[in-house]
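K.L.:
Line by line, the protein sequences give chains W and U. For the first sequence, the positions run 1 to 222 when our numbering is used. For the second sequence, the positions run 223 to 302 when our numbering is used.
The set of hints was computed from the structure by calculation and includes no laboratory data. Hints should not be assumed to be uniformly reliable.
Okay, derived cross-link-like pairs now, BS3-like style, lysine-lysine, Cα gap no bigger than 30 Å in a straight line [stated by the list, open to error]:
1) 286(U) <-> 232(U)
2) 73(W) <-> 286(U)
3) 73(W) <-> 232(U)
4) 109(W) <-> 232(U)
5) 262(U) <-> 73(W)
6) 286(U) <-> 109(W)
7) 232(U) <-> 281(U)
8) 73(W) <-> 295(U)
9) 295(U) <-> 109(W)
10) 241(U) <-> 286(U)
11) 281(U) <-> 241(U)
12) 295(U) <-> 271(U)
13) 224(U) <-> 286(U)
14) 241(U) <-> 109(W)
15) 75(W) <-> 281(U)
As the structure is a computational prediction, the values presented were derived from the model and not from experiment.
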Amino acid sequence: MRSAVIVFPASNCDRDAHDALAQLSGREPHMVWHGDSDVPDVDLIVLPGGFAYGDYLRCGAMAAHSHIMRDIKRKAEQGIAVLGICNGFQILTEAGLLPGALMRNADLKFVCRPVELVVEESQSGFTRKYSKGERVRFPVAHGEGNYFADEATLDRLEGEGRVVFRYAPGENPNGSARDIAGILNEKRNVLGLMPHPERACDPLLGSTTGRALFQSLIESLT
Amino acid sequence: MKARVFVTLKNGVLDPQGKAIGHALNNLGFGSVGEVRQGKVIDIELTEKDEQAARANLKQMCEKLLANTVIEKYEIELRH
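Sequences are here, hints too, so could you generate the full structure?
P.N.:
Shown next, in the form of structure tokens:
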């Protein structure tokens, strides 16, 4: 699997994404600067966590209009897999590649801890190595992860099996509607999630339950 | 021409910051404070002379960048 990690000014999980991809796929991902105009020919594009552009205006708002996003939108439409983690998820919603918005955490606190998630959907290129209902443990680290969409959109996401990750009962760290932690686009090639699977790939970091996400991608894209 | 753009959360969208501000005002003794909603003010200088063109342009700016219309609404004020 050939992959690229997009680096924005103030991305801070780009190296984590790089290491997870390099270790699990055995191939060095391209590190692509946000000011570049093209992403190299790859199977997976990762928008990493961080605080792109200092979260100016709204989280992800400036990054969603950066130079590289034009090519990412084009490639997403062509069916190339795109994974947005944390700030990457915020960027995808701001860019209109995923529905809804990520708002300030309901209790106004920045939350930084491992959370338990339920894999709601294994019928996707991102989660085929998980089984439906499986519990995983990924860290979260965000102040704006409160997923919001209107009721019709939420119903549609649920009805179409596009809610892929949900915070386990009692674990919702941010007030997200219907405990939603991660969603797919309609074509199922774009996934955005607030928790960090790339930080759950090494036993040193306390959990390896994120590996299956990257292994799913490797299996479906190689 | 100068423009002032107000960006606020749509009605019905929870505003925890506004709520916290309301609580703080109550604690300061402002007992008459009811609901508080927080928003942004963005001042923009424009070279345009035509008011209608400026308004149309500002609307596009709001839709494309200044407001996230999933959760926010906006108002435009022009000053000469």
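K.L.:
Each hint should be assessed against the structure and marked as holding or not.
P.N.:
Status of the hints after comparison with the structure:
Simply put, residue 286(U) and residue 232(U) have alpha-carbon atoms about 17 Å apart, close enough for the 30 Å limit, and the pair holds. With a CA separation close to 15 Å, the supplied pair residue 73(W) and residue 286(U) stays within the 30 Å bound. In summary, the hint linking residue 73(W) to residue 232(U) is supported, as the alpha carbons are separated by about 28 Å, within the 30 Å threshold. Annotation: proposed proximity of residue 109(W) to residue 232(U) holds, straight-line Cα distance about 22 Å (limit 30 Å).
For the hint pairing residue 262(U) with residue 73(W), the CA-to-CA distance comes to about 29 Å; that is within 30 Å, so the pair holds. A C-alpha spacing of about 29 Å is found between residue 286(U) and residue 109(W), which places the hinted pair at or below 30 Å, so the restraint holds. Restraint check for residue 232(U) and residue 281(U): satisfied, since their Cα atoms lie roughly 17 Å apart, inside the 30 Å limit. Our distance criterion of 30 Å between C-alpha atoms is met by residue 73(W) and residue 295(U), whose separation comes to about 25 Å.
Between the alpha carbons of residue 295(U) and residue 109(W) the distance comes to roughly 25 Å, so the proposed pair stays at or under 30 Å and holds. The straight-line distance between the Cα atoms of residue 241(U) and residue 286(U) is roughly 28 Å, inside the 30 Å bound, and the hint therefore holds. A C-alpha spacing of about 29 Å is found between residue 281(U) and residue 241(U), which places the hinted pair at or below 30 Å, so the restraint holds. Note on residue 295(U) and residue 271(U): the hinted pairing holds, with a Cα-Cα distance of about 26 Å set against a maximum of 30 Å.
Proposed proximity of residue 224(U) and residue 286(U) is supported: the alpha carbons are some 19 Å apart, at most 30 Å. Of the supplied pair hints, the one linking residue 241(U) and residue 109(W) holds, its CA atoms being roughly 14 Å apart against a limit of 30 Å. Our distance criterion of 30 Å between C-alpha atoms is met by residue 75(W) and residue 281(U), whose separation comes to about 29 Å.
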